[in-house]
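Q: Here the protein sequences come in this chain order: A and B. For the first sequence, counting from 1, position 29 maps to 29 in this note's numbering; every step adds exactly one. For the second sequence, counting from 1, position 224 maps to 224 in this note's numbering; every step adds exactly one.
Worth flagging that the hints you see were computed from the coordinates, not collected in a lab. Predicted, not measured: the structure shown is a model, and the values here were computed from it. For each residue, glycine too, the CB sits at the ideal point set by N, CA and C. One or more of the hints may lead you astray.
[As the list claims (entries may be wrong)] To be clear about the criterion: a stretch of chain A counts as covered by chain B if any three or more of its residues have a C-beta under 8 Å from a C-beta of chain B, and this derived list gives those stretches:
#1 72 to 81
#2 161 to 171
#3 277 to 291
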Amino acid sequence: MRTIEDLQRDTDSAVAVAAPNGAVGAPLTPAPPRTFTPRRKKKPWKSWLLFLLFAGPNVALLIVFTYKPLLQSLYYSTLQWNLGSASAIPVGLGNYVAWFTDPGTARVVTVTLIFTVATVGGGMVIGLVFAVLLNRKLHGRGAARTIVVAPYVLSGVAVGLLWLFVFDPNFGITAALLDAIGVASPPWYNDPHWALVMVIIVYLWKNVGYVALIYLAALQSVPRDLLEAASLDGASPVRAFRNIVLPLLGPTTFFLSITTLLSSLQSFDIIQAMTRGGPLEGTTTMMYQIYQEGFQAGRAGYSSAVATILFAVLLVVTLIQMKYVEKRVHY
Amino acid sequence: MATPSLSTPTRRRKPLQLGGYLGLAVAIAIMILPLVWMFLAGFKERDEIYTVPIQWLPEAYDLSNYAAALAAVPFGSFFLNSTITTVIGAGLKLLLGLTTAYAVVFLEFPFKKFVFGLVIFALLVPQQIVMIPNFTLVASLGWINTYQGIIVPGLASAFGTFLFRQHFLTLPISILEAAALDGASHWTRLWRFIVPISAPTIAAVALVSIVSEWNEYLWPLLVVDRSDMMTLPVGLMLLQNNDGVTNWGVLMAGTVLVTVPVLIAFFALQKKIIAGLTAGGVTG
Numbered sequence: 001m002r003t004i005e006d007l008q009r010d011t012d013s014a015v016a017v018a019a020p021n022g023a024v025g026a027p028l029t030p031a032p033p034r035t036f037t038p039r040r041k042k043k044p045w046k047s048w049l050l051f052l053l054f055a056g057p058n059v060a061l062l063i064v065f066t067y068k069p070l071l072q073s074l075y076y077s078t079l080q081w082n083l084g085s086a087s088a089i090p091v092g093l094g095n096y097v098a099w100f101t102d103p104g105t106a107r108v109v110t111v112t113l114i115f116t117v118a119t120v121g122g123g124m125v126i127g128l129v130f131a132v133l134l135n136r137k138l139h140g141r142g143a144a145r146t147i148v149v150a151p152y153v154l155s156g157v158a159v160g161l162l163w164l165f166v167f168d169p170n171f172g173i174t175a176a177l178l179d180a181i182g183v184a185s186p187p188w189y190n191d192p193h194w195a196l197v198m199v200i201i202v203y204l205w206k207n208v209g210y211v212a213l214i215y216l217a218a219l220q221s222v223p224r225d226l227l228e229a230a231s232l233d234g235a236s237p238v239r240a241f242r243n244i245v246l247p248l249l250g251p252t253t254f255f256l257s258i259t260t261l262l263s264s265l266q267s268f269d270i271i272q273a274m275t276r277g278g279p280l281e282g283t284t285t286m287m288y289q290i291y292q293e294g295f296q297a298g299r300a301g302y303s304s305a306v307a308t309i310l311f312a313v314l315l316v317v318t319l320i321q322m323k324y325v326e327k328r329v330h331y
Numbered sequence: 001m002a003t004p005s006l007s008t009p010t011r012r013r014k015p016l017q018l019g020g021y022l023g024l025a026v027a028i029a030i031m032i033l034p035l036v037w038m039f040l041a042g043f044k045e046r047d048e049i050y051t052v053p054i055q056w057l058p059e060a061y062d063l064s065n066y067a068a069a070l071a072a073v074p075f076g077s078f079f080l081n082s083t084i085t086t087v088i089g090a091g092l093k094l095l096l097g098l099t100t101a102y103a104v105v106f107l108e109f110p111f112k113k114f115v116f117g118l119v120i121f122a123l124l125v126p127q128q129i130v131m132i133p134n135f136t137l138v139a140s141l142g143w144i145n146t147y148q149g150i151i152v153p154g155l156a157s158a159f160g161t162f163l164f165r166q167h168f169l170t171l172p173i174s175i176l177e178a179a180a181l182d183g184a185s186h187w188t189r190l191w192r193f194i195v196p197i198s199a200p201t202i203a204a205v206a207l208v209s210i211v212s213e214w215n216e217y218l219w220p221l222l223v224v225d226r227s228d229m230m231t232l233p234v235g236l237m238l239l240q241n242n243d244g245v246t247n248w249g250v251l252m253a254g255t256v257l258v259t260v261p262v263l264i265a266f267f268a269l270q271k272k273i274i275a276g277l278t279a280g281g282v283t284g
C-alpha cells in the first residue's frame with residue numbers, strides 16, 4: 001500500500017532531482033520568488049522605473065488625498081479657523097480643550113457609545129443567529145441568504161428614507177404592529193431617545209446581512225465530523241454549538257467586531273437622512289458632529305480636532321486588533 | 001450502543017426543522033417587508049397613505065407619484081451623474097489596484113515593502129479626517145460641481161490592491177514563467193496572462209466597488225450643490241426637503257428609483273457580489 005506520505009516523498013525527491021534543471025517542482029517548492037529577473041542581468045533601474053509607472057499613480061493619489069490631508073487636518077485642529085476664511089488664529093490645543101470641557105460633549109460621547117455598542121453588539125448577535133439559520137439544511141435558504149444580504153448593498157440615504165416611512169408614528173408599519181398589541185407608537189421623530197433607537201434599528205437592518213454572510217462562510221468551514229462526533233458522544237446541539245462552534249468562530253468574531261466597529265463609528269448616511277442629528281441632538285454622534293461643525297457651523301478647526309480624536313480612537317482599536325491577530329495566527 | 005445515540009438527532013430533527021423554518025420566515029419578513037412597503041407606497045394616492053389602519057395594497061397601480069418625483073427633481077441628471085461617476089470611478093480604481101498589485105508582487109523596487117505599507121495603512125485613515133482639507137483643495141482647484149471633484153479624491157485603491165496582491169501570490173508560477181520567457185513586456189503580461197486568469201477575483205472586487213461608488217453619499221454631498229450635478233443619493237434628499245410636510249408617496253417613488261436598479265443588479269449578480277463581500281472577510 002502506498003500512503004500519501006510515500007507519494008509526497010516520491011514527488012519531493014523528484015523535485016530535488018529536477019529542480020536544478022528548473023523544469024519541474026514549482027508546485028511543491030516553498031513559495032518560489034515571484035519576480036523574474038532574467039538570466040542575463042538587466043539594469044535594475046529599468047525595473048524600478050516600471051515599478052514607478054505601475055504603482056506611482058496610486059501612491060501619488062494616496063499622498064495627495066489621504067496622507068497630506070491627514071497631516072493638514074492635524075494642523076487645522078490647532079487653529080481657530082472658519083471654512084473658507086482667509087485668516088486663521090493658532091490656538092494650540094485650544095480646540096481640544098474646548099471639546100473636552102464643552103457641556104455637550106458628554107452627550108455626544110454617550111450617543112456615540114450607545115449607537116456603537118448597540119449596532120456592533122446587536123449586529124454580531126443577530127448576524128450570528130441569521131448565519132446559523134442560513135447554515136441549516138432548509139429549503140429556500142439560498143434565496144433567504146440573498147434577501148438577508150440585499151439591504152447591505154442599498155444606498156444608506158434610501159434606506160433611511162424608506163424606514164422613516166416605516167416608523168411614521170401615525171401611518172407606518174411599526175405603529176400598526178404596536179397598535180395590534182394595544183400599544184401606542186412611541187414618538188420616533190420627536191423624542192431624542194426613541195430617535196436614537198430608531199436609527200440603531202435601521203443601521204442594524206441595513207448591515208446585519210454582511211455580518212451574517214461572513215459568519216455563514218466561517219460556519220461552513222466548521223468540519224462536519226467534529227459535530228457528528230460530538231453528537232455521537234451525546235452532546236446536545238446547544239452544547240456542541242457553545243463548546244465547539246463558537247470557539248472556532250473566534251477569529252471571525254474578532255475580525256467582524258473590528259470592521260463593524262470602524263464602520264459604525266463612521267456612519268453618516270442614515271443619520272443624515274432620518275434625523276440630521278436631532279431631535280435635541282439626540283442622534284448626534286462624533287462623526288455627525290464632525291460634519292456639522294465643519295460644514296454647517298463652518299468651524300473647521302474645531303471639527304478637525306474632533307476628527308483627530310475619533311481617528312485616534314480608531315487607530316488604537318485597530319492596533320489592538322493587529323496585536324491580537326498576530327497572537328492568534330499560530331494556534 | 002451506537003444505535004440509540006444515533007437515533008437521537010433524527011428524533012430531535014422534526015421540531016428543530018420546524019423551528020428553523022419559522023426562524024427563516026421571520027428573518028425574511030423583517031428584511032423584506034420594509035422594501036415591499038416602500039415599493040407599494042410608490043403607487044398609493046394620498047388618502048391611501050394617510051389612513052389608519054394602514055392599507056398595504058394600493059387601489060390602483062398608477063404612476064402619478066413617479067411622475068411627480070421626476071417633475072420635482074432632475075432624476076435623469078442624477079442617474080446620468082451616478083452612472084458616470086460610478087463607471088469612471090470604479091473603473092479607474094480597479095485599474096490602479098491591478099497595476100499597483102502587479103508592481104508589488106512582480107516588479108523589483110528598493111522600497112517595495114514601504115510602498116505596500118503606505119497603501120495598506122491608508123485603509124486605516126477614515127474619510128472624516130481628510131474631508132476638510134480635501135474639500136479646501138477641490139474648491140481651490142475650481143472642482144466644485146464637477147465630475148473630477150466627485151471622483152478624483154476617492155480614486156486611490158487600497159483595499160483592491162490588497163485583495164489583488166493576495167490573489168496574485170496564489171497564481172501558478174508556470175504561466176508567468178512562460179510569459180516571461182516569451183519576452184512579453186510587463187504590461188502585456190498583466191493584460192494577456194494575469195487579468196484573464198484572475199477574472200473571477202477582478203469581477204468580485206469590481207462589483208463591490210461599483211456598489212460602494214453608486215451609494216457614496218457624504219463626499220458628493222460636500223462638493224456638489226447644483227442639482228444638475230448631483231448623484232442619486234444626494235439628489236434623492238431634495239425630495240424630502242421640498243416642502244414642510246413629507247409627501248410619502250412621491251418620496252417612496254423616488255426611493256424606489258434609487259434602490260431598484262441596485263436590487264435588480266444584486267439579484268442578477270448575487271453570487272459574484274457575495275464572493276466579493278466575503279473576500280475581505282476571509283483574507284482579513
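Q: Now look at each hint and say whether the structure bears it out.
A: Now for the hints, and whether the structure bears them out:
Proximity of the segment 72 to 81 of chain A to chain B, defined as three or more residues with a beta carbon under 8 Å from a beta carbon of that chain, is established by the 3 residues found. With a cut-off of 8 Å between beta carbons, the segment 161 to 171 of chain A has 9 residues touching chain B; three or more are needed, and the interface restraint holds. Note: the segment 277 to 291 of chain A has 3 residues with beta-carbon separation from chain B under 8 Å; the three-residue rule is met and the coverage holds.
Violated hints are absent here; each numbered hint is respected by the structure.
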